[in-house]
Amino acid sequence: MKIGPINIPLKEDFSLKSILGFEKTPMNMLVAVLTLAFLAMFVVGVATYLMHGHHAYNVTREHPWGLLIAVYIFFVVSSTGFCIVGSLGDVFGFKDYMMISKRAIFGSIVTILAGFAVIAFEIGHPVTMLIYNVLSPGLTSAIWWMGTLYGIYLTFMIVEFYFLLNNNMQKARIFGLIGLLVGLAAHSNLGGVFGFLNARTISNGVFYPTYFILTAFITGIYLSFIIMGFRYKMNFDEKTKALLVGLAKIQTLLIAILMFFETWKMLTAVYGGMPNRAEVAEHIMHSGAFMYGEVLMGMLIPFTVMLLTKWRSVTTYVWTSVIGMVGIFFMRYDLVHDTQLKPLQMMKTHEYQLPPSWVEYFPSATEIMISLGGLGLCVLLYYVGTRAFNLDEEH
Amino acid sequence: MARYGMALDYKNCINCKACEVACKEENGVELGAEKHRIWVGANNPDGQWPLLDIASAAFLPSQCQHCDDAPCQEVCPTHATYYDENNVVRVDADKCILCSYCMNACPYDARYVDDRTMTVDKCTFCSDTRLARGETTTACQNTCPTKVRTFGDLDDPESEISELLRTREHFSLKSHLGTNPKLFYLT
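In order, the protein sequence lines correspond to chains L and D. Per the numbering used here, residue 1 is the first one in the first sequence, and the count goes up by one each step. Per the numbering used here, residue 1001 is the first one in the second sequence, and the count goes up by one each step.
Hints listed in this document are in silico derivations from the structure and should not be mistaken for laboratory results. These numbers come from a predicted model, not from an experiment. All C-beta atoms, glycine included, are put in the ideal place defined by N, C-alpha and C. Among the hints, erroneous ones may be present.
[Stated by the list, open to error] FRET-style restraints, in silico, Cβ to Cβ: (1) D/K1174 - L/S357: 15 to 21 angstroms; (2) D/R1003 - L/A47: 45 to 51 angstroms; (3) L/P343 - D/N1012: 41 to 47 angstroms; (4) D/D1046 - L/V134: 33 to 39 angstroms; (5) D/K1011 - L/G151: 49 to 55 angstroms; (6) L/P343 - D/G1028: 25 to 31 angstroms; (7) D/E1034 - L/P137: 38 to 44 angstroms; (8) L/S357 - D/A1132: 39 to 45 angstroms; (9) L/W264 - D/E1034: 52 to 58 angstroms; (10) L/P356 - D/K1011: 21 to 27 angstroms; (11) L/G288 - D/R1166: 28 to 34 angstroms.
[What the hints assert, rightly or not] One side only, chain D facing chain L, incomplete, derived with CB under 7 angstroms: (12) G1028; (13) E1074; (14) A1132; (15) G1134; (16) T1137.
Same shape as in the complex, but just chain L (with noise of 0.2 angstroms):
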């Protein structure tokens, strides 16, 4: 397709019917279904919140950010992770890991889109933000530098895919290394904007923005075996058994640091029983959340998984990836609601209602139905995109 002087390649049996061409098996059946129901709940959940503002989230003056925080900050996690992997080849020019570059970097793409497409509805004005974001820019402010720099990320993940498509390694190397810088600055600002918060001692420091890097890093090799399983149904080649290899060795590595990173601090949050981080830090220990969710599902069953079949297994990698993704979700849900955990005021503000000890919150149906909708909006722009594009590696 041309544009004026903007070559898209798009593939030439690109169209609806293609779409709708997929092969009709049980599993390809669950997941259109599944993303067709997404779909619908999000539009459900965009016209209640449209309707009722806020009060169609359990938000509360005490506990500001919700769920469609935490499901923002899983897509744009999964973005900046996608733009690692899709780098590795690319950019740094290891060529093992050429062959899924141009696919992790519309990936990038896609999650980042569902991500602003989420947080479109939490942002109680995103046109003024917009605006102002523009004509009076909060230059101390995390928020700012994080939205801001994501918009030139997006920017320039869209102009290497481009290049990508065109087979300009040279324009996509430069393009990719500047999208990569700056997708690194925003990912790590986001963790700053949590790292900046001195009113809350547990979140408060260095530990968010470079953590945020390294699970980014996971994120995205997760999300490259389900990816390359679903192109390839589970029947890799050579080449990409040894790439998928590779990327199962590093992601065992950057397991295990971040294991070391998370013992180190909840043992540095626990010791000397500080007031307000001890007490955080041993609630979110006793949490399933924290310990099924983040600790069994994101870290010990994949890694443990990887170790016990030295690597050989990429086929079981896809399903512990599927599992490692779902521990990743929560580790976004636990990183926004701990913070919040603790209240501000400990004293009684109401007669006859004692202090609260710990903020609760679950999400709302709303919140719930926008955040799977944020799902549905990344598959299916990922399915369209695998339809349009040529994903694979041009020879």
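Put chain D on the given structure of chain L with help from the hints.
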């Protein structure tokens, strides 16, 4: 140009909540327990009967601390939170995008969402109402039956608040966070 602050002789507080009512009335704050600019914290006495620690049963009236180094102002991505000419921490509703970052960053839980404008709202030291009319007191101060609150210009050495802070020992809430609050609790 002034640098407004408030001193609270909090041990005189009887928890009558007249200040909460006056604030809502004067500034048109929405009804509802969550929607409050100021509040009176109540600490139940520590210990078991009969060994109750009576001194711990205190009332602590509070509100936005109008910090000199306000975290809410630093984290605002659009400068919706700003210092006005009297060093009062204010919110420009036209610029507020309701990202709620300030609500999370404020160590004092002093901010809430005004459902009418769908923006973040907080104490303004009655800048839009009483001060705009040329009065020199805030609604909460004016109504307090036990004269807990003293509002005034911290930069004016002759002001009542400056005199109080010179002559009485005082502390600030969560001062270890480096926020430099302009609310002072007299001991």
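Do the hints match the structure? See the list:
no.: 1; hint: D/K1174 - L/S357: 15 to 21 angstroms; result: holds (19 angstroms)
no.: 2; hint: D/R1003 - L/A47: 45 to 51 angstroms; result: holds (48 angstroms)
no.: 3; hint: L/P343 - D/N1012: 41 to 47 angstroms; result: violated (26 angstroms)
no.: 4; hint: D/D1046 - L/V134: 33 to 39 angstroms; result: violated (53 angstroms)
no.: 5; hint: D/K1011 - L/G151: 49 to 55 angstroms; result: holds (52 angstroms)
no.: 6; hint: L/P343 - D/G1028: 25 to 31 angstroms; result: holds (27 angstroms)
no.: 7; hint: D/E1034 - L/P137: 38 to 44 angstroms; result: violated (31 angstroms)
no.: 8; hint: L/S357 - D/A1132: 39 to 45 angstroms; result: holds (41 angstroms)
no.: 9; hint: L/W264 - D/E1034: 52 to 58 angstroms; result: violated (38 angstroms)
no.: 10; hint: L/P356 - D/K1011: 21 to 27 angstroms; result: holds (26 angstroms)
no.: 11; hint: L/G288 - D/R1166: 28 to 34 angstroms; result: violated (55 angstroms)
no.: 12; hint: G1028; result: violated (18 angstroms)
no.: 13; hint: E1074; result: holds (5 angstroms)
no.: 14; hint: A1132; result: violated (23 angstroms)
no.: 15; hint: G1134; result: violated (30 angstroms)
no.: 16; hint: T1137; result: violated (24 angstroms)
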